[in-house]
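*Asks:* One letter stands for each residue in the lines below.
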Amino acid sequence: MDSLIERILTFIDSAIYDDQAFNDLALAIFTRQYRLIEPYRRFCDTQNASPDNVTDWRQIPAAPVAAFKQFDLSCVPLPDAKTVYYSSGTTGPSTSKHYMDDAAVRIYYASLKRGFYNVSSDFKNLPIWAIMQTPANAPNSSLSAMLGALNAERFYWDNNEELYNDLAGLNTPIILFGTAFAFVGYFDSTPERQQLRLPKGSIIVETGGFKGRSREISREELYGLFETRLGVRENDCYSEYGMSEMASQFYSNGLNPVKYGPPWVRTRIIDPITRTEANPEEKGLLAHYDLANYNSLIAIQTEDMGVFKDTGFILLGRVENAEIRGCSLTMEELWNRRITPS
Amino acid sequence: MEPAYNSILKSIEALRINHHDILLKTSREQIIDYIVRFADEWRNAQSPWRMQAKTIESPFDYKEVFYTLDGLLESLTRDSLKELIAQEITDNCAGYPVIGHVIAGNTPLIAWTSVLRALLVKSASFVKLPSGSASAWGKLFGISWLSIIPELAGCVVMDQWAGGTANQDKQLCDSCDLLLAYGSDDTIKSLKSLRNDRSFIGYGHRVSLSVILPGADIMQCIDGLARDICMYDQSGCLSPHMVYVIGDDDRLSCCISALSKAMDAYLAGNTTNRDIDTAVRINNSRILSTMEGSVVFGNDDLDWTIIQRTCPDFIFSPTHRVVSVASIKTAEEIFSLLLPVKDVLQGCSIGGAYNENDYFVTELKNMGISYICKTGKLQAPPMSWPEDNKPILSSLLKNAI
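Residue numbers (my numbering), protein chains in the order written: chain A, -14 to 327; chain B, 2 to 402.
These are computed hints drawn from the structure, not numbers from a lab.
This one's a predicted model, so the numbers in the text were calculated from it and none came from an experiment.
Every residue, glycine too, gets a C-beta built ideally from N, C-alpha and C.
Do not rely on the hints blindly, as some may be mistaken.
Derived pair list, reagent style DSS-like, types lysine-lysine, alpha-carbon separation capped at 30 angstroms [said to hold, decoys possible]:
id: 1; chain 1: B; residue 1: K366; chain 2: B; residue 2: K190
id: 2; chain 1: B; residue 1: K343; chain 2: B; residue 2: K375
id: 3; chain 1: A; residue 1: K54; chain 2: B; residue 2: K378
id: 4; chain 1: B; residue 1: K330; chain 2: B; residue 2: K378
id: 5; chain 1: A; residue 1: K54; chain 2: B; residue 2: K190
id: 6; chain 1: B; residue 1: K262; chain 2: B; residue 2: K190
Calculated from the model, a selection of chain A residues having no Cβ within reach of chain B, i.e. all distances over 12 angstroms [claimed, not checked]:
id: 7; residue: N8
id: 8; residue: T119
id: 9; residue: V243
Please build the complete structure, drawing on both the sequences and the hints.
*Replies:* Next comes the structure, spelled out in structure tokens:
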């Protein structure tokens, strides 16, 4: 099994598109997960899919993302999965749990770093400031863990004034990484301030969206604020799309909505009614196959609608009544606490 | 078209005047006569209103609704209405002058029973119907009432706007004397908050179940059970989410096999054309059930789903004709299984012979189940059904809240 881990890490590190290598690894990971995760095996059996007859990654059954709420999906016994990431919000029946043992964490860190720095050569060597809780304060947040793994220099949480002052004092460019809701919270809490101009070469990465739970602004408006309030133009802004159930992430640049993933992830678009593959131009539910999901499920059927474009996809929105989730929610809870009259 | 803000207020003021000038001067005997006349007209198979009802297609077409309608009409007799009144109110009791009704769109005839009950306590009604085509049956009630009972035409107003439209909702909540709200728990909470401690009755989320007794002839009760589940896409408070089959696994298998065929027959090849959100909910339900070890039966078009559970714990359905079925050894086991959901139970249909005084039936009533009937009758409650176990008429009286 160690050789499988090393093979995955080598493939991630190479960051090359190799369909055969991807397929081989996908089948090996599927075999492991089929054998070790009973609820998943039951599902696969009803689809007549097993390591004995699956020969292509597209045949690997994709379990609904909701399965992460209902089941403990782990190849290793839970006591050995020392790391668990929850979808945002308090734990409960509507919280996803993504269990990782040490090997899975190693692969997760490798994938997020390689994936992040693959987005643009501009990211290299820039210090990262994060608008979110530290990994120590949010040990079950995969987003905080990600920024920790990226060696973010600073974390700002509920201290927008300090953030403003520190940004104002910058002389060299940074990457400023936060949830969309956190950025809106920052802009709303510093309305009287003069506009900043971050040092040339600074980059903004936003993630999480607004999830329909409170104040929402369009991406255009948000990116407009990045330019007017921080001096960072659209081309230097990136959007990260990820989820706690998935080790890897997708990125888009500026207002171009097309999201691109790393070479160790493949995406299919599935007709939501027939659950078969949609025609290439048709929209459908996104199903991701992530080699970095070593301990849980390689194949996840999301509740996000999308359509292929170039070599990526465009997100079209979440299926309604799918539970609201995502990192923006933790900022919202904080914001509501502040705006509720005492 | 959305009503002008002031027209709600004007309508309610007019209703208040008509309550004083017409309803208070009409005897309860006379009101009963009017309701019976209305019911007689609708019971007539050749009635133009029946003909008009047959043109309603979606989301509730006549072929489905007539079943509930006939169940209601059957209960609108002089004797049964007199008995209802005698059980709950005295002749000098006064209902609120104007009752506001906010009607949910998940089943078609809520407005009918709600307004008829208000009339029995001599209250005028302002009815906010659900938006879109779900309002068709409510509108038909209003138009037919106006035509059949012109004497009381000015005592019922039907209107329609999108739920959650703040101005209109507030205007209704501010103006009526009692508000009855039917809908999701969120809708109830929101309207209650707008009412601001004034008289309010909410009918929120409820679920039902079915039980197949040990001696029941499965083939005799299965068509009725399929109807109970399938009607209104299982979205009403009287739609069973769970079916308990008392017996062994063979009996359970027999029931599931028969129920599959019966549900196919009920739908008679008419595909439901699921939208994306519904399809995802149904597919997720199927897959997650499989993952937990249940066996799932269903057709590819997602018209219906039967989940054979290994564990008999009560499971809420995502509706859309997704029903869980489990076997239990004795009827008494049901009571502990229902305890966790006691607060949201509404109805129970029973396959097999039973008497009202049977221990099983009385215990179900003690658990808060408001309507118990034979399989096939769950979606046809009578006028005397105490929804949510709330008194039907006395709760509409001033000083009752």
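*Asks:* Does each hint hold? Answer for all of them.
*Replies:* The hints, checked one at a time:
no., hint, in the structure
1, B:K366 x B:K190, "holds (27 angstroms)"
2, B:K343 x B:K375, "holds (21 angstroms)"
3, A:K54 x B:K378, "violated (37 angstroms)"
4, B:K330 x B:K378, "holds (25 angstroms)"
5, A:K54 x B:K190, "holds (27 angstroms)"
6, B:K262 x B:K190, "violated (40 angstroms)"
7, N8, "holds (24 angstroms)"
8, T119, "holds (34 angstroms)"
9, V243, "holds (22 angstroms)"
Violated hints, listed in ascending order, are 3 and 6; each of the other numbered hints is respected by the structure.
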